[in-house]
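A.B. asks: Sequence:
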Amino acid sequence: MNKTEEHYTFQLSDKVSRQKVSFKNRYGIILSGDLYLPKNAGSKKMSALAISGPFGAVKEQSSGLYANEMAQRGFAVIAFDPSYTGESSGETRSLASPEINTEDFSAAVDFLGIQKNIDRNKIGIIGICGFGGFALNAAAVDKRVKAVAVSTMYDMTRVMSKGYNDAVTLDQRTKTLEQLGEQRWKDAESGSFAPGPVLNAEKLKGDEPQFVKEYHDYYKTARGFHERSLNSTGAWNATTPISFMNMPIMTYIKEISPRPILIIAGEKAHSRYFSEDAFKAAAQPKELVIVPGAVHTDLYDKLDKIPFDTLENFFKTNLK
Numbered sequence: 000m001n002k003t004e005e006h007y008t009f010q011l012s013d014k015v016s017r018q019k020v021s022f023k024n025r026y027g028i029i030l031s032g033d034l035y036l037p038k039n040a041g042s043k044k045m046s047a048l049a050i051s052g053p054f055g056a057v058k059e060q061s062s063g064l065y066a067n068e069m070a071q072r073g074f075a076v077i078a079f080d081p082s083y084t085g086e087s088s089g090e091t092r093s094l095a096s097p098e099i100n101t102e103d104f105s106a107a108v109d110f111l112g113i114q115k116n117i118d119r120n121k122i123g124i125i126g127i128c129g130f131g132g133f134a135l136n137a138a139a140v141d142k143r144v145k146a147v148a149v150s151t152m153y154d155m156t157r158v159m160s161k162g163y164n165d166a167v168t169l170d171q172r173t174k175t176l177e178q179l180g181e182q183r184w185k186d187a188e189s190g191s192f193a194p195g196p197v198l199n200a201e202k203l204k205g206d207e208p209q210f211v212k213e214y215h216d217y218y219k220t221a222r223g224f225h226e227r228s229l230n231s232t233g234a235w236n237a238t239t240p241i242s243f244m245n246m247p248i249m250t251y252i253k254e255i256s257p258r259p260i261l262i263i264a265g266e267k268a269h270s271r272y273f274s275e276d277a278f279k280a281a282a283q284p285k286e287l288v289i290v291p292g293a294v295h296t297d298l299y300d301k302l303d304k305i306p307f308d309t310l311e312n313f314f315k316t317n318l319k
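Residues in the sequence shown are numbered from 0 upward in steps of one, following numbering that gives the first Met the number 0.
Just so you know, the hints here were simulated from the structure itself, not pulled from any lab data.
Wrong hints could be hidden among the right ones.
Derived DSSO-like pairs: lysine-lysine, alpha-carbon spacing no greater than 30 Å straight-line [unchecked claim]:
#1 304 x 253
#2 43 x 145
#3 253 x 43
#4 301 x 19
Start from the sequences, fold in the hints, and give me the full structure.
C.D. replies: Below is the structure:
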């Protein structure tokens, strides 16, 4: 699948314009984004959204698709590559951090809020998959965010530290941390950062869990493949989990209130419990939407499954 730099996994609407932009976060990392604008916007200042995710994806995939759809509905929208990935800067590469990836959302809010055609008092954010957790964390700490929606969310700090359904024991966690410490010695000796496990294999054996097959069907086929996406072509650095192991990002979710939260999950998604637990932990106003029959990756790109009308109504109601 040799693709050009301008490869997107979806078709740009003829009602929307798209331009490449860049902006810095507080760490001096230059983030790369695509700004989507409705062509019929006129001179009135617009409400705006910042979107990122899934975890390990790039802006030419799901976040761009969401941005394209929301721009058709009248919003100025930026879809951006997180720090250390895609076309964004940051060394070393292939790194994630709950703090820095939370900051990436606030940096996108910075960018949107200084545009002359955007009303800085009407900015919301959308996080997809692992960036759902970061979006909720960003909304809790950044009071400029007036509304937050998450789709098919993960809490990456929870899943990395406790495993799926919190099944990791203390002994298993201790062993993992010991292994990460040993990897640090190896990296220090070599002067480089070793990659971790490949995120999605080129070919499946057939006995993998269903959700692994669903990830493969998105990231490793023409449906969602992108050459800059770690989920399509590579791996995170082996020591990436360290910063996730003792930093629970849902701690302050109640402090998003009284600003509203919309949580969207698939009925058959393996990740559904993250959404349901976040909903329980959040204060009002909040809404949980379960999409009938949908699996986790359906909410990456299935236009007949993603409830864009609900997203539109949520942000038009709350960004005013």
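A.B. asks: Taking the hints in turn, state whether each one holds.
C.D. replies: Consistency of the hints with the structure:
1. As the CA atoms of residue 304 and residue 253 are separated by approximately 29 Å, the hinted pair is consistent with the 30 Å bound.
2. Distance hint between residue 43 and residue 145 is fulfilled; the C-alpha atoms sit about 19 Å from each other, no more than 30 Å.
3. About 34 Å separates the Cα atoms of residue 253 and residue 43, which puts this hinted pair outside 30 Å; it is violated.
4. With a C-alpha separation of about 25 Å, the suggested pair residue 301 and residue 19 falls inside the 30 Å cut-off, and the hint holds.
In this structure, the one hint that does not hold is number 3.
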